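Visitor: Work the whole structure out from these sequences, hints included.
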Amino acid sequence: MSTSKTNSTGEPDRKRPRSELDAELYVNHPSLYFDDGNVILQCAKTLFCVHRTLLAKHSPRFAEILNPARGANTLRGCRHLVLDDDADDMEALLKTIYDGLRVDFPQLTIENFPIVAGILRLSTKYRLERLRADMIARLKQEWPYALEQHIAKWRTD
Numbered sequence: 009m010s011t012s013k014t015n016s017t018g019e020p021d022r023k024r025p026r027s028e029l030d031a032e033l034y035v036n037h038p039s040l041y042f043d044d045g046n047v048i049l050q051c052a053k054t055l056f057c058v059h060r061t062l063l064a065k066h067s068p069r070f071a072e073i074l075n076p077a078r079g080a081n082t083l084r085g086c087r088h089l090v091l092d093d094d095a096d097d098m099e100a101l102l103k104t105i106y107d108g109l110r111v112d113f114p115q116l117t118i119e120n121f122p123i124v125a126g127i128l129r130l131s132t133k134y135r136l137e138r139l140r141a142d143m144i145a146r147l148k149q150e151w152p153y154a155l156e157q158h159i160a161k162w163r164t165d
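First residue of the sequence shown: 9, per the working numbering; consecutive thereafter.
Hints are computed from structural coordinates only; laboratory data are not their basis.
A couple of the hints might just be wrong.
[Claimed, not checked] Keeping only pairs whose Cα atoms sit at most 25 Å apart, straight-line, the calculated DSS-like set for lysine-lysine is: (1) K148 - K161; (2) K103 - K65; (3) K148 - K133; (4) K65 - K161; (5) K53 - K133; (6) K103 - K53; (7) K103 - K133; (8) K103 - K161.
Being a predicted model, the structure only gives us computed values, none of them experimental.
Guide: Here it is as structure tokens:
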């Protein structure tokens, strides 16, 4: 009995399995590609090899997506999810998750705002409610929306 696949015309299927497609073209994230990770998140050409249970613990959306009962593509022997998220945003979110949902900025500034915005975007998308609420509270504290509060925050007299 042959195990080779055939296409709709009955000829052998010459495509490589999706799990092996051009794995050499991807770039492993330098600090968020763990040897013992069991799920690979792909954002553009960046691969993050992380831990399914940690993502599922903090994110109901990741818990749904990574449910073992759902069919899955694999890459390098791990579950493989192709996401449409920006790699920098995903890096910021994953670093926050792996750091106990803490964002370590002594002060929010224009320079680190893109990181904060990325975390806020993805915490909303993947329903990390506690992280999202903490980020919004921090933004309100650091950058008050009322002019009087903003002036009082920066007054030096």
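Visitor: Now tell me, hint by hint, if it's right for this structure.
Guide: Hint check results:
1. K148 - K161: holds, 12 Å
2. K103 - K65: Since the Cα atoms of K103 and K65 sit roughly 15 Å apart, the hinted pair holds (cutoff 25 Å).
3. K148 - K133: holds, 20 Å
4. K65 - K161: violated, 37 Å
5. K53 - K133: Between K53 and K133 the Cα gap is close to 21 Å, so the pair holds against 25 Å.
6. K103 - K53: holds, 18 Å
7. K103 - K133: holds, 16 Å
8. K103 - K161: violated, 29 Å
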